[in-house]
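Trainee: One letter stands for each residue in the lines below.
4 protein chains.
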Amino acid sequence: MKKVAIMTSGGDAPGMNACLRAAVRGAVYHGVEIYGIYRGYDGMIEGDIVKMDSHSVSNIIQKGGTILKSARSEEFKTKEGRKKAYEQLKILGIEGLITIGGDGTFTGAKIFFDEFGIPTVGAPGTIDNDLYGTDYTIGFDTAVNTALGAIDKIRDTADSHNRLFFIEVMGRDSGYIAIRSGIGGGAELVMVPETSTSIKEVISTLQEGWARHKTSSIVVVAEGDEEGNAMEIAEKVKKEISQKDVKVSILGHIQRGGSPSAQDRILASRLGLGAIEGLIKGEKNVMAGIINDKLVYTSFEDSITKNKPLNQELIHMVKVLSV
Amino acid sequence: MKKVAIMTSGGDAPGMNACLRAAVRGAVYHGVEIYGIYRGYDGMIEGDIVKMDSHSVSNIIQKGGTILKSARSEEFKTKEGRKKAYEQLKILGIEGLITIGGDGTFTGAKIFFDEFGIPTVGAPGTIDNDLYGTDYTIGFDTAVNTALGAIDKIRDTADSHNRLFFIEVMGRDSGYIAIRSGIGGGAELVMVPETSTSIKEVISTLQEGWARHKTSSIVVVAEGDEEGNAMEIAEKVKKEISQKDVKVSILGHIQRGGSPSAQDRILASRLGLGAIEGLIKGEKNVMAGIINDKLVYTSFEDSITKNKPLNQELIHMVKVLSV
Amino acid sequence: MKKVAIMTSGGDAPGMNACLRAAVRGAVYHGVEIYGIYRGYDGMIEGDIVKMDSHSVSNIIQKGGTILKSARSEEFKTKEGRKKAYEQLKILGIEGLITIGGDGTFTGAKIFFDEFGIPTVGAPGTIDNDLYGTDYTIGFDTAVNTALGAIDKIRDTADSHNRLFFIEVMGRDSGYIAIRSGIGGGAELVMVPETSTSIKEVISTLQEGWARHKTSSIVVVAEGDEEGNAMEIAEKVKKEISQKDVKVSILGHIQRGGSPSAQDRILASRLGLGAIEGLIKGEKNVMAGIINDKLVYTSFEDSITKNKPLNQELIHMVKVLSV
Amino acid sequence: MKKVAIMTSGGDAPGMNACLRAAVRGAVYHGVEIYGIYRGYDGMIEGDIVKMDSHSVSNIIQKGGTILKSARSEEFKTKEGRKKAYEQLKILGIEGLITIGGDGTFTGAKIFFDEFGIPTVGAPGTIDNDLYGTDYTIGFDTAVNTALGAIDKIRDTADSHNRLFFIEVMGRDSGYIAIRSGIGGGAELVMVPETSTSIKEVISTLQEGWARHKTSSIVVVAEGDEEGNAMEIAEKVKKEISQKDVKVSILGHIQRGGSPSAQDRILASRLGLGAIEGLIKGEKNVMAGIINDKLVYTSFEDSITKNKPLNQELIHMVKVLSV
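Residue numbers (the numbering used here), protein chains in the order written: chain A, 842 to 1164; chain B, 842 to 1164; chain C, 842 to 1164; chain D, 842 to 1164.
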């Protein structure tokens, strides 16, 4: 492996820069040339690719976002688009590819590998933590801490006014961010897609709390919950509980940015290094991940299709801790 | 002045606890008994009042929210309600009152003073900074820094994806938080109620930026802007600019909480001390404030009715700095 | 198990309050009475013990420090001291004990159990992460993030002035905090007790960096490194490299405090619950820990005497990443 | 004024980048060419100067440190050094100079102006806030908040262990940072060079606090205090109070870095703009500052020599608030 290229794609996540930095420096360390592709698959198609060295990634370990930018490419979904992309890589003599992103990125990477055979190793960069093959994804710990910081601030105002707050966090179809920020934020209740909580149960849980003299309450809602988003759930609840002051807060895109936490910088560095060293050792069509503190490689197929269930112990904890 | 009472009321703001602490310790220092009223005017009406001492306010200087809680009282708006409140104060022999809050609090305080004559000194506790009689209100600096922190995080993701973001901040009818967090966050444009910016101007400003090769843009919108809130403005803009990825983020209640900044802890301490020392010196029906670094007292009437204009220099700065 | 007591002891760590909260609420949930002992073993000896309920631990999950206070008891090291302590527990009818602390705490707990047989389950509360029987200790993640935040700030000034900075972090005899904050902070070199790095190697590593045009450098030093502390190492290096501006920063006690991170709040909650549920299920003379995401119980003996080696992969990473 | 140059010099301060950004964009806005000088006066002597435009300062408003780097130049103190520097500016046709720094920077600027007559406007960039001609200097608010954050963390551990902590903050010969972070951190006592506090007074103040049942205490010490630094003061106190656990923490260089606060970004932007617009309007040999919210220009001579006294009201507050 003498020449590789690297890109960041899909939703951005804090730690992508740290991952990029580790892959680039790992390449330099092992004497491999490395090129950075701007704006994900769109940049690959357009040939928006530059040579990188140690200095290209100086001082980015603490930065959120990604210096290579990111995009969700429509053109790459077509055969012609992918052919163009392959031509660009061939021109430069690229022999291996590192893709940092989520399942959209890996879906594209898998198809691209099947069609053109360029060895590809991925690194899981997404705040949702919903990729199989790694205990945690790059950006997850930071997003949880960001959500938690916001919940801590909202609690101040909920407590001052004896309010009921519904706080919506990201996660697409998973409750990972919700369950951890909910437990950490002392939430009364956490509503996630992985479990079914009816509006009836929400109201009775809250009323039991008020009967025990709790004055303010926080309910954390994962954006993909089956009862709807925070706004919809709050509306349904308000109809039944007219006497309480009910507010909604949608944390939104602050969860995607910010300086990565210690855990994310280290995870990202391990995976960036794992990706380049994996390519060098002959890995292909796989995603690098850390499971039980060990570096492992999982097929793109499995990482996208297999399910990584939510720890049920955590769901049970919310109930006990809000007694 | 031998016995006074203190309360926090209206929307809560970071620093209210620091203000309360300074007033209580100032009272102890001067040998005056001080009672804390829970939940604002509602607590006054119900007699939910406890004696406080130095120890009651230990370790609260860094806490957001208010340990005395807050409320917006409907009953206090009635003559009967205010009579009940007065009776409660008379029972305890309260000779003076300190009210920490915003203009709603001072409106009530003024009427109460006119009716019953209990000397009252207020301290401006509100994140909106829209009270005349003080350069800054308690909670404003913290709210601006909170909004700024959120904008910094959103910028990471805006830059990664070349997006246009509309970020809504609080402020009721003023643009104070918007203009400062907008400048600090490097916003392309800041939309505030104090100036008129049409959708046409918004679009042309953004397009000029894109012509100068800016890829991502941030527009900060004060919730009271005349063109609508961030969601409404984003909708109007999307109709004209179809090619850009447009997102909206409503920062919401995180702006009301959190540990107060250094500036807010010091301002709150000066004003809490200024309030109790003002009462002792014979001030009444006034709000304590800091103007040009000096403690001043302004009538409740003026603090509520007079206008504190936005610094036009700051509005001009947004334009120059986004060149 | 009808009555248990809980205490925090040794050096304090962020997350101890969250652990206490989970144990108390777990006890309430399971119908077990729980008493809080102030100031560790000293409070046990003095009978400084109070009954606790759900409300006793409201709003403490986000607080650093410990509401039960902590102490390092000299008297408990004596047979008489421990006898007095036992008498106090007998008076109250305490049948089980939860001790949150480090190896000093567990050493005492083990001896106490051997002498008097009160079932005891410990939870690892220490920022050093040097306890066998758990992947991470409560307070570790927060301390690493605190050290990292400080390193990020120091880097700003190091880069502005092309300086060489030696930054000392805590850890007693282990390099856990150093290696993680070092990698996360982009350190040139990390000096830990677990590996031997001579001053000669320090200087040649730095000089290679300067030859590659690095202008500023950061070296993280664990307080227990064999070459000495940061001040001593800096002195030795200054003698050889006269032309460079060398500074030292000892991060100190900020690493012990602050609001616990998301990871610490969740770990602490799992272990607090694991401790009380362990006692109820008949565990004794053990420490609750999380290994590979599973709750496990390890004898106090093993937790104190067995070694938990530093991940060598991390040490190798520092070298590759500073290429 | 068609061509100007700008530099950052002396100790670095958070906000220097924001100031640079505003000056550069102000220059572009007014059609003036602007050049950036690296490493202060050393870079001026070496001709390490590059042309800057709007894009050069993108995304730096939130960064600590300075992208132009800084240095304390020995060579500029010599006549030959300054002649070389002048020659470099002449080659490029530089007609005006903006110097961001502290009194060392302005001392050099004043002499340079007297010798060669290039109009120079300075902007006060230093965390010490000891420059006359401006209420606050760029970097001060951030440094105070950084010190305050550290004190908050140390308080957690002080309270857990009933300790006495001496915390040393920066400030050179002034007590600005100490008094504000001390008040904000609820310190028992603040020792600053501007007032004389004997060890006897320190001990009696602390003992009065312990008599009132305070268990932990925090004393903030400005590095320039007349009784010595924190370590020396702690030693003197330990001799008299043997029973108390006494610790020292020297906050050090974290106070120089980090992302600038909202206040610093706005102050820096106003002063950067004020500097370039001042040059354009004919100002020379002056420092731009903000006094009572208005932009003013003060001679370098006055800014360096005149004294800006500490607000005595703040010193009195420490005493009242720790009652």
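The reader is advised that the hints may include incorrect statements.
[Stated by the list, open to error] Lysine-lysine pairs mimicking DSBU-like chemistry, simulated, CA-CA at most 35 Å apart: (1) D:Lys1135 with C:Lys1079; (2) D:Lys1135 with C:Lys1088; (3) B:Lys1055 with D:Lys1135; (4) A:Lys918 with B:Lys1088; (5) D:Lys1149 with B:Lys1147.
What the hints contain is simulated information worked out from the structure, not anything from laboratory work.
Trainee: Below or equal to 35 Å on CA atoms is what counts here, so check Lys1149 (chain D) against Lys1147 (chain B).
Mentor: holds (33 Å)
Trainee: Holds or violated: are the alpha carbons of Lys1055 (chain B) and Lys1135 (chain D) at most 35 Å from each other?
Mentor: holds (32 Å)
Trainee: Measure nothing beyond the straight line between the CA atoms of Lys1135 (chain D) and Lys1088 (chain C); if it is 35 Å or shorter, mark the hint as holding.
Mentor: Status violated; Cα separation ~38 Å.
Trainee: Quick one, are Lys918 (chain A) and Lys1088 (chain B) close enough, alpha carbons at most 35 Å?
Mentor: holds (24 Å)
Trainee: Just to be careful, I want the Cα atoms of Lys1135 (chain D) and Lys1079 (chain C) compared with a cutoff of 35 Å; is the pair within it?
Mentor: violated (47 Å)
Violated hints, in rising order: 1, 2; the structure is consistent with all others.
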